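J.: Note that the protein sequences, when read in sequence, are chains X and U. Once you know that position 200 of the first sequence is 200 in this note's numbering, the rest is easy, because the numbers rise by one and skip nothing. Once you know that position 204 of the second sequence is 204 in this note's numbering, the rest is easy, because the numbers rise by one and skip nothing.
Check the hints yourself; a few may be wrong.
Claimed, not checked - With a cut-off of at most 16 Å between alpha-carbon atoms, the simulated EDC-like pairs for lysine to aspartate or glutamate come out as follows: (1) X:LYS160 / X:ASP111; (2) X:LYS160 / X:GLU210; (3) X:LYS56 / U:GLU294; (4) X:LYS89 / U:GLU57; (5) X:LYS169 / X:ASP186; (6) X:LYS64 / X:GLU3.
Said to hold, decoys possible - Sample of chain X residues with no beta-carbon within 10 Å of chain U, all distances over it, derived: (7) GLY16; (8) LYS22; (9) TYR29; (10) GLU86; (11) GLY113; (12) GLY126; (13) ASN182; (14) ASP196; (15) GLU210; (16) MET213.
If you are wondering where the hints come from, they were derived from the structure by calculation, not from laboratory data. None of the values given here were measured: they were computed from a predicted structure. Beta carbons are placed, not taken as given, at the ideal position from N, Cα and C, and that holds for glycine.
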Amino acid sequence: MIELVDIEKTYNTRYGVKRVIKPTNLAFYRGASTAVLGLNGAGKSTLLRMIGGVEKPDRGKVVKTVTVSPPLGITNTFNGALTGAENLKFVCRLYDIDIKRAEAFVEDFADLGPYFHEPVRTYSSGMRGRLAFGMSMAVDFQVYLIDEGLSAGDARFRQKSRDAFERRKSRSDIIMTSHNMNTIRDFCTRAVVIDDGNVTPFEDLDAAEEFYMEVVARRR
Amino acid sequence: MSLSSFPYGSGSGTPRGGPGNAGPLSLIERLLGGDGLFRNLKTDFWPKVVRSWRVVEAMMLREALTRYGRRSAGFVWAIINPMMLVIIMMVIFTYLGRQAAAGEYLSVFFITGIIPVIAWRNAAVQGAGAITSNRGLLNYPQIRPFHIVVARTLLELSISGLVVLLFVVGLWAFMDVPLNAWVDEPFTAISALGCLVFLCYGSAVLSSQIGRVFQLWGQVMSRLGRVLFFTSGLWYTFASLPTGPRALMKYNPLAHTIEWLRDGVIPGFESDFYNPWFPLWIGLIFLAIGLLMEWLIAISTFVDE
Chain X
1 MIELVDIEKT YNTRYGVKRV IKPTNLAFYR GASTAVLGLN GAGKSTLLRM IGGVEKPDRG
61 KVVKTVTVSP PLGITNTFNG ALTGAENLKF VCRLYDIDIK RAEAFVEDFA DLGPYFHEPV
121 RTYSSGMRGR LAFGMSMAVD FQVYLIDEGL SAGDARFRQK SRDAFERRKS RSDIIMTSHN
181 MNTIRDFCTR AVVIDDGNVT PFEDLDAAEE FYMEVVARRR
Chain U
1 MSLSSFPYGS GSGTPRGGPG NAGPLSLIER LLGGDGLFRN LKTDFWPKVV RSWRVVEAMM
61 LREALTRYGR RSAGFVWAII NPMMLVIIMM VIFTYLGRQA AAGEYLSVFF ITGIIPVIAW
121 RNAAVQGAGA ITSNRGLLNY PQIRPFHIVV ARTLLELSIS GLVVLLFVVG LWAFMDVPLN
181 AWVDEPFTAI SALGCLVFLC YGSAVLSSQI GRVFQLWGQV MSRLGRVLFF TSGLWYTFAS
241 LPTGPRALMK YNPLAHTIEW LRDGVIPGFE SDFYNPWFPL WIGLIFLAIG LLMEWLIAIS
301 TFVDE
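Based on the sequences and whatever the hints tell you, model everything.
T.: So, in structure tokens, the structure goes:
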């Protein structure tokens, strides 16, 4: 269970204070994967970063009783000069997992072919996304935070990721952001919608989508 | 919770050092008590140290690979580069007819001066870009600026150490410089080296924080390093200077460290001019300012570019 207790987050900008997340209480319980919906800049990534422990909320706290992946998918954690395999080795050392097995897993999962041993700067964005996703899947987390990570992959890769998650559904959940409703329906059963700093949880994806469409329409 | 259907199990994804996690331990982890050497110390202090070390270790390997490339030529170049600098300057000074200002061997005198300057400069210059060029890695909660700076400083210091070792062996084998020309008072020499390491680390921490808010800091730092080549006493000691420049040199912490090191290293050389507390204090002040900046940046809404 991940609990957000009275968290609040603001950013200072040149044009005043922006309240990204207004005071919020929220729980992510085991056995349900959650989609985070919102317009660009609504605070989806900020929410994921606070859950991942990368950023601290201004007030309140994040209580975690599960292991949570770093909010990957944003692929700037790669060093472009290093190959995919070398970037993976670094993560293996960080989490102390077996390098050989992880390499075999990611090589198969991300399907990079010979590019697995080429510098990451030569990758297409789809390949980077697949590598990032494969790399976080190589470590056994209880909750995976995926920030737009799946939108880069093609249909084949999405199917592959879905199968992989299906297999570890009993242990692992996802909290993901995406603008693609199909991707969300593939992976999630509930959603939270962030609009103007208000975080609203929905147990039903249809209701969440309806509300989100309202938000989109209102902002148009 | 079954792990059987998993591609491979690594426990719960927590780094090793947590409870109930068996596995082969590296030597350093054994030394740090990962194997229960200090098990009666019922705290999680050692697991934390072990975990931090694991991050630093991974960072060092990554940094080395990025900087020197996959081919060994890159690493060889990293060692040859400072060696060539030392050799060229030594040849120049030999032709100028310079004598060592202390001790019997110009090479020993010169290397004890130039290597600390190179080590310090590299630590500070590498520190300047440490956080900016690795900001993506801060997405991993277990990697903090501390680990990046420690890894870069350790990498620089180990390369400098390797260079010194090569010189000691090379000069002994080919130039008949005996090994005991490198040691006079071991305790003094080791304290001076410790002070140098601390000064390098403090400077790297400060440099890394300034480098975060001031993009051109790395370039400023390498210019500053050049100035230190002329003011840190590479080819002179405090005693060999006239009073005017000597008073100025007293404000250079590196000059104090070098004089201290030479006091411990060069047989027959004693110096009363250096103050061991001065470089230690400067190192501590740099470290404190660096940590204060880190804290201020953390509580502000500053975003790394």
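J.: All hints are to be evaluated individually against the structure, with a verdict given for each.
T.: Each hint, compared with the structure:
Of the pairs offered as hints, the one joining X:LYS160 and X:ASP111 holds, with about 10 Å between alpha carbons and a cut-off of 16 Å not exceeded. Taking the CA atoms of X:LYS160 and X:GLU210, the gap is near 29 Å; set against the 16 Å cutoff, the hint is violated. Between X:LYS56 and U:GLU294, the direct Cα distance comes to roughly 15 Å. Compliance with the 16 Å bound is thereby established for this hinted pair. Annotation: proposed proximity of X:LYS89 to U:GLU57 holds, straight-line Cα distance about 12 Å (limit 16 Å).
Taking the CA atoms of X:LYS169 and X:ASP186, the gap is near 13 Å; set against the 16 Å cutoff, the hint holds. Restraint check for X:LYS64 and X:GLU3: the C-alpha separation of about 6 Å stays at or below 16 Å, so the hint holds. No Cβ of chain U approaches the Cβ of X:GLY16 within 10 Å, the least distance being about 12 Å, so the stated non-interface status holds. Distance to chain U confirms X:LYS22 as a non-interface residue, since its nearest Cβ pair spans about 17 Å, more than 10 Å.
The non-interface label for X:TYR29 is consistent with chain U: the shortest C-beta to C-beta separation is roughly 16 Å, beyond 10 Å. For X:GLU86, the shortest C-beta to C-beta distance to chain U comes to about 6 Å, within the 10 Å cut-off, and the non-interface label is violated. For X:GLY113, the shortest C-beta to C-beta distance to chain U comes to about 19 Å, beyond the 10 Å cut-off, and the non-interface label holds. Listed as a non-interface residue, X:GLY126 keeps its Cβ farther than 10 Å from every Cβ of chain U; the least gap is roughly 19 Å.
Every beta carbon of chain U lies more than 10 Å from that of X:ASN182, the smallest distance being close to 26 Å; the non-interface claim holds. Every C-beta of chain U lies more than 10 Å from that of X:ASP196, the closest at about 19 Å, which supports listing it as non-interface. Listed as outside the interface, X:GLU210 is consistent with that label: its C-beta sits roughly 33 Å from the nearest C-beta of chain U, beyond the 10 Å cut-off. Every Cβ of chain U is farther than 10 Å from the Cβ of X:MET213; the closest lies at roughly 31 Å, confirming the non-interface assignment.
When each numbered hint is compared with the structure, violations occur for hints 2 and 10.
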